[in-house]
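Enquirer: Mind docking these for me? Both chains are given alone in their own frames, and the hints should help you get the complex.
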Amino acid sequence: MFTETMADFSPVELLELFQRAQNQFTDRVDAVAPDQWEDESLPGWTVADLVAHLVSEALWVPPLLAGEPYAEGRFPEDTSDLLGDDPFTGWESAADNALSAFAEDDALQRTVHLERGPTPATQYILEMTADLTVHAWDLARATDGDTDLDGELVTAALIFGEQLPEGGVPGLFDPPLDVSSAAPPQVRLLARFGRKAT
Amino acid sequence: MTPADDGAVSDPVLDVDEAVFDVVDRIPPGRVSTYGAIGRLIGVGPRRVARALSSGGGAVPWYRVVRADGSAAEPVRVRQLELLAAEGVPMRDGRVVLSAVGWPD
Numbered sequence: 001m002f003t004e005t006m007a008d009f010s011p012v013e014l015l016e017l018f019q020r021a022q023n024q025f026t027d028r029v030d031a032v033a034p035d036q037w038e039d040e041s042l043p044g045w046t047v048a049d050l051v052a053h054l055v056s057e058a059l060w061v062p063p064l065l066a067g068e069p070y071a072e073g074r075f076p077e078d079t080s081d082l083l084g085d086d087p088f089t090g091w092e093s094a095a096d097n098a099l100s101a102f103a104e105d106d107a108l109q110r111t112v113h114l115e116r117g118p119t120p121a122t123q124y125i126l127e128m129t130a131d132l133t134v135h136a137w138d139l140a141r142a143t144d145g146d147t148d149l150d151g152e153l154v155t156a157a158l159i160f161g162e163q164l165p166e167g168g169v170p171g172l173f174d175p176p177l178d179v180s181s182a183a184p185p186q187v188r189l190l191a192r193f194g195r196k197a198t
Numbered sequence: 001m002t003p004a005d006d007g008a009v010s011d012p013v014l015d016v017d018e019a020v021f022d023v024v025d026r027i028p029p030g031r032v033s034t035y036g037a038i039g040r041l042i043g044v045g046p047r048r049v050a051r052a053l054s055s056g057g058g059a060v061p062w063y064r065v066v067r068a069d070g071s072a073a074e075p076v077r078v079r080q081l082e083l084l085a086a087e088g089v090p091m092r093d094g095r096v097v098l099s100a101v102g103w104p105d
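Residue numbers (this note's numbering), protein chains in the order written: chain R, 1 to 198; chain A, 1 to 105.
Partial list, derived from the structure: chain R residues whose beta carbon lies under 10 Å from chain A:
| # | residue |
| --- | --- |
| 1 | GLU16 |
| 2 | PHE18 |
| 3 | ASP105 |
Hints are computed from structural coordinates only; laboratory data are not their basis.
We put the beta carbon where it would ideally sit given N, CA and C, even for glycine.
If we strip away everything but chain A, and leave its shape as in the complex, we get (with noise of 0.2 Å):
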């Protein structure tokens, strides 16, 4: 394995999908993250983390993380706005309020 903390992922495709997967399995319920910060973690830019979860995100909570700007990307908006309030996760003018709610801290 990678070690967490050298911000450099230089393995194959299916290990930065791994690293993102591992991350986002990672944050509680009614927190939310962004693209970016996960990528941060990981050492990959904000699109790397949103290809990862739309082509198999499925078994982790992947409308736990959504864009810098609390906004949900268009082709899950409603379902995803609908899972997130269901966790109680505030939103204002349709984003997710990540002053109150962002992970990690």
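Next comes chain R alone, as it looks inside the complex (with noise of 0.2 Å):
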């Protein structure tokens, strides 16, 4: 599914931007209001589900990076037992965790055991990273948040959503739509990723 080995950052690159689009999402994270939970997020999704999701992600990466194969029911699949007692607390200790993981020092080097078969771990945190930073879009725009991304996190996902085939991966990534060139470049991410930026 992805031809192309992640040659346009080094290891050292890819931690910091992991890093910057974990603190992006918590940032986003940090900001939901107490009544906002159960607002929709994404078709189906409510903004507790967004989170969980990323929640759960996140839960995967040290047990991936250890060379664990993917199996269901490895984690919970519940929303409220990914997020626990405290939504942020549930975010923030998951992802601590998995930025742990990413740094150990031949984390990068290693091949993790995906759904869809071995992936090289530098391809593995550039897709966590620019899920991070669409999901950071969706959770603000869901929030009335702060829909401004990162720069270079927008760039960084930018390469990665040119690697994903033209019609989207069913159930992960949805179908590009139609954008400009000349349009900015977080309006061209999110139309990578299926969403129109309004």
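Expert: Right, dumping it as structure tokens:
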């Protein structure tokens, strides 16, 4: 599915971008008001569901980097189980452990075994970075938060997005929308992931 | 005082700050902890720890606490890495090598 390796970024740069993408998402989670958790974020998803999705992805980082294969049932699926008593704490805790795992000495030289097959850790971390970046926008839009994304993260996520198949990846990435190549990078990024910047 | 092992700090803001300072004060020279690790010891998240240290951590070795990837927060990065280097803390690519000096063990 992904044909190119990540020659564009060094492992040091990839880790730095991931940390910033986490931080950007954490800012948006921190800004969610108590009465916004049940609001819609994406079609069929509440704000809580969206954050829980990112919690689940973060929980998977340490075992995948330790060489465990993806397996259903390893972590809870229910939003309330993933978030625990306090969604912000649930997210922060999972995110912190994911960052530790990616920062281990040779973590980005490893291969992880995703559902779709063996994937270089450099590709995996860039995919996580892109996902965090696009979902930070989703979360901000759903909660009237700050929808301006970090420009360097937009660039990195665009590079990842360019590698995606033209029709998207069913269940993972929405098909792209038409957008002018002269549009600002954030608008092109959002379109690449099937989102209309408004 | 809240028992150190009950994992829940439900006291006012300043008590959390004090708990952070107490733990950070115990990090020995040459060793480095993370916001998350300090937070786990007292039952709060990494950002709460960072906030306590940035607002009033001057009396404790705040610079011995970094992010989970060993990087230093931008506003204090240069100063922090200087202070850590002076204690002989190993670094690679601008990040503390936590596998060598992480605290607690």
